[in-house]
Structures are given as structure tokens and as C-alpha cells.
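Trainee: Following the hints, complete the assembly by docking chain B onto the known chain A.
Chains A and B, in that order, are what the protein sequence lines are.
Counting in our numbering, the first sequence runs from 60 upward without gaps.
Counting in our numbering, the second sequence runs from 244 upward without gaps.
It is worth saying that the hints were derived from the structure and are not from the lab.
Just so you have them, the derived chain A footprint on chain B, three or more residues with Cβ under 8 angstroms:
#1 312-321
#2 346-354
#3 376-387
Note that beta-carbon positions come from the ideal geometry of N, C-alpha and C, so glycine has one too.
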Amino acid sequence: MSILAAETHNPLIPPWGEIIIGLIAFGLVFLVFARFVAPRFEQVFRARREAIEGGIERAEAMQAEAKAALDQYRAQLAEARTEAAQIRDQARAEGQQILEELRAQAQEESARIIARGEEQLAASRQQVVNELRGEIGVLAVDLAGRVVGESLEDSARRSGTVDRFLDQLEGMAAGSPDGRTARGGATGSSVYVQGDR
Amino acid sequence: MTSSALALGSVFAAEGGGDGFQAPGLGEFYPEPIATFSLFGIPFEITRITIILWIATLAILAFLIAAVRKPQIVPGKLQFVGESGYSLVRDGIARDVVGPKGLPFAPFLASLFFFILANNVMAIIPFAQISPMSKFAFPLVLALICWVIYIWIGIREQGAGSYFKDILFLPGVPKPMYILVTPIEILQNFIVRPFTLAVRLFANMFAGHMLLVVFSLGAVYLFSRFGENFSWVFGPVSVLMAIVMTFFELLVIFLQAYVFTVLMGTYLNGSIEAEH
Numbered sequence: 060m061s062i063l064a065a066e067t068h069n070p071l072i073p074p075w076g077e078i079i080i081g082l083i084a085f086g087l088v089f090l091v092f093a094r095f096v097a098p099r100f101e102q103v104f105r106a107r108r109e110a111i112e113g114g115i116e117r118a119e120a121m122q123a124e125a126k127a128a129l130d131q132y133r134a135q136l137a138e139a140r141t142e143a144a145q146i147r148d149q150a151r152a153e154g155q156q157i158l159e160e161l162r163a164q165a166q167e168e169s170a171r172i173i174a175r176g177e178e179q180l181a182a183s184r185q186q187v188v189n190e191l192r193g194e195i196g197v198l199a200v201d202l203a204g205r206v207v208g209e210s211l212e213d214s215a216r217r218s219g220t221v222d223r224f225l226d227q228l229e230g231m232a233a234g235s236p237d238g239r240t241a242r243g244g245a246t247g248s249s250v251y252v253q254g255d256r
Numbered sequence: 244m245t246s247s248a249l250a251l252g253s254v255f256a257a258e259g260g261g262d263g264f265q266a267p268g269l270g271e272f273y274p275e276p277i278a279t280f281s282l283f284g285i286p287f288e289i290t291r292i293t294i295i296l297w298i299a300t301l302a303i304l305a306f307l308i309a310a311v312r313k314p315q316i317v318p319g320k321l322q323f324v325g326e327s328g329y330s331l332v333r334d335g336i337a338r339d340v341v342g343p344k345g346l347p348f349a350p351f352l353a354s355l356f357f358f359i360l361a362n363n364v365m366a367i368i369p370f371a372q373i374s375p376m377s378k379f380a381f382p383l384v385l386a387l388i389c390w391v392i393y394i395w396i397g398i399r400e401q402g403a404g405s406y407f408k409d410i411l412f413l414p415g416v417p418k419p420m421y422i423l424v425t426p427i428e429i430l431q432n433f434i435v436r437p438f439t440l441a442v443r444l445f446a447n448m449f450a451g452h453m454l455l456v457v458f459s460l461g462a463v464y465l466f467s468r469f470g471e472n473f474s475w476v477f478g479p480v481s482v483l484m485a486i487v488m489t490f491f492e493l494l495v496i497f498l499q500a501y502v503f504t505v506l507m508g509t510y511l512n513g514s515i516e517a518e519h
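In isolation and in its complexed conformation, chain A is listed as follows:
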């Protein structure tokens, strides 16, 4: 039966009925696909792309934000550094100034103290000299009187011998500062010369 059918058909000559059925079937698929299926797929693709791009955009925004924060922080750090350097320089200069002021003040003070000490020393020396002068005179006259055996006080007082001697002695001491002359003189004179040094 099938062999019989084969003889009556040419497979390359299609019957119109099949062409129309094929047209309708494909038309149906195309209609449903174009109207319903493809838009939904496109919608899904778009949603997916947006989800991905949205994620990327968010990440980019965050990155930019982080970068801005970092820049700001760096700027602040640099600012703080220059400020610190300025403060340090200023402090150093101020310290220098204070040091110099203090040094000047101390020098002044020490000079003052030295001056006062010298003054005091001079005054006390003068005092000692005056006291010694009186005492040495009395002692020497007393000693000489005892040696001689009579009182020389009055004549010594009258003639001013002691004073003249002492002045002479003083003059000699001034002439030779190493105090060689004091050797033959009174002990008081030697003490005086040492004190003068």
C-alpha cells in the first residue's frame, strides 16, 4: 500500500493544504513569541542588567566616597603636619629668645652680684685696714715701750710715728705686690698683704 502511494507522490511538490497549515502553525508561534514571550525575556534581561549595573553603580559611588574621604583625610593630615612644623619652629624661636633673655638676665645678675661682692669686700677690707691700723699702732707702741722701758705713747701720739711708718709700709706693699717687704715687718702687715690678694 505504501509502495503504491510512493509512486503517486513527488516529495518536492507540496500540497496547498500543508502549506497553509504550516503557515498557520508558524504564524501562531511567531505571534505568541513576539507578543508575549520575547517582551518578557527582554524585560528579564533588562531587569538583570539593571540589577548588575545598579550594583556596579553603587560600588562605584561607594568607591568615590571612600576616595573623597581619603583625600580629605590626607589634606587634613598635611595641614596638621605643616601646622605642627610651624608651631615647632615658632616654639624653637621662642625658646631661643627666652634662653637668650635668661642668659642676659643671668649675666646681668652675676655682674651685679660680683659688683656687690667687690663692693662689700672693699668695704670690709677698708674696715679691717682701719681697725688693724689702730690696733697695730697701739700694739707696736706698747711693745716698743716695754722694750725700751718707758711709755712712748704720748710721744708716739705726738709725733705720728706709727702712722707714718704704716703709710710707708703700705707704700712699699703697693710697690712690690708679692709682699717681700712684709718679711721684716709686723705679722699684722703680712696678714693684710695676704688678705689683699
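Mentor: Positioned in the frame of chain A, the structure of chain B alone reads:
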């Protein structure tokens, strides 16, 4: 009762008659009509092949609608399969082959791909086991639709004058050569293209079906004559070949659906972008 089963009947009939193996013929593709009617003077036959066509059409529609019923950003299994198919055509053909203006053609190309694929798959679905695409009418319909569309798009995109002028007189060809080139180009663009498009798909499915049927019926025949003339060797070989050819057919099914769509993509590309 399938047409192959009818052929099987004739195998046994031949056996009974001692006539040897009757190879299945063209009758495979002309099964007995279940019903016939006439509409506007055009005869319609409802055969098992047209029923298979409708089953394939409705199955692919059901699959696609199910795939996009609840579209989600993270796709489910069904949506993923549907999306993969659509992406293959949309990105691989509409965008990459047709060109930058190709995306609007994605639904058309994808419906071509899915329609052909669904019909081709019927070639190896048990009990159907014949692709409607092995009936020349169906590939021809698709090829004619493609033919109309790529010419129409060519006119729309380039203007009728420019489009036909570019086809008739290829730019950059020496003038005397037009005697040779112009007839070839006319033949190529308006006759050969749709014809080859249709015949390629039809012949592949036709030959595939014939191979499967010959090996299957051959196996049945050889086992019925077990022990005679080395049939105990060739019977198993025939079964094995039927199985191998089924897998080969699976490859052809996908390949032909894809090739048809890709070729339509290149034709559309030629129509959209000024040729050469």
C-alpha cells in the same frame, strides 16, 4: 498505527510472500489521512504528520509560556532553558550576525529557531518518530516567509532602487563582468536562497528519517530471518546502527534548526547593511 508500523506490516507481508526485504519508501511520508476536508476549494488532509506538527507547535508554545510565566532575575530551570535558547538566537544571531540593527528581528528569528527545533525533535520522539520538516511543504513555508521578509527589509532599509541596484550590479565589479555576475546574483538572491534554505532542512530530516526507518525495519527483518545468511551478525549491527543514527539525528535536529536561523540572519544582514 504509525506509517512505520505499516511498513513493518509490509516487511512481514514480504516475508510471508518470500519476496525478500521490502525497503521502506516514500510511503513513509504519505500516511493514510485520518480525515480529509475541503475549504475554499483547497483540499486539507489531517494525517499523523499534521497532528505531529500541531503537537510540536503546541508543545513549544506551552514550554515558552511556562518559561516566561513568572520571569525572575535569577531564573528557574525552565526559564533558564528558555532564556538560553532565546539568548542563543538574540545575541548569537540577531546581534552578532544581523548586526547592530538586528535586535528587533530577535523574536522572529527565535520563533523560527524554536518552531523548527520543536518539529525536528519529533523525529526521535517515540511514537511520533517523524519530523513534519521532512514534508517539503513546511520548510518551504518557512523559507518563503524568510524570502519575503529579507527582500522587504532590504527595500525598507536601503530603498528599492538602491537595494535592487546593489544586487543586480555588484559594486566594484568590472563592467563587462556584469554579463556573468548579474544573472548569477539574481539567481542567487531570489531563487537559490529560499530554495536551498527549504531543501537543506527538508532533505536532512527526510534522509534522517529514512536512515532510522531502514535500520530499524532492517533489524526487525533480519531478526525474523535469524540464522539465515549471516543475519545473526547483521541483525545486531542494524540495531546498533539504528541507535547510533538516533544520536546522530539528535545532532542534526539542533544543527539544522540553528543553521536555518543563522542563514536567515546573514540574509537579513545583507538586506540591512548595504552589500559589499
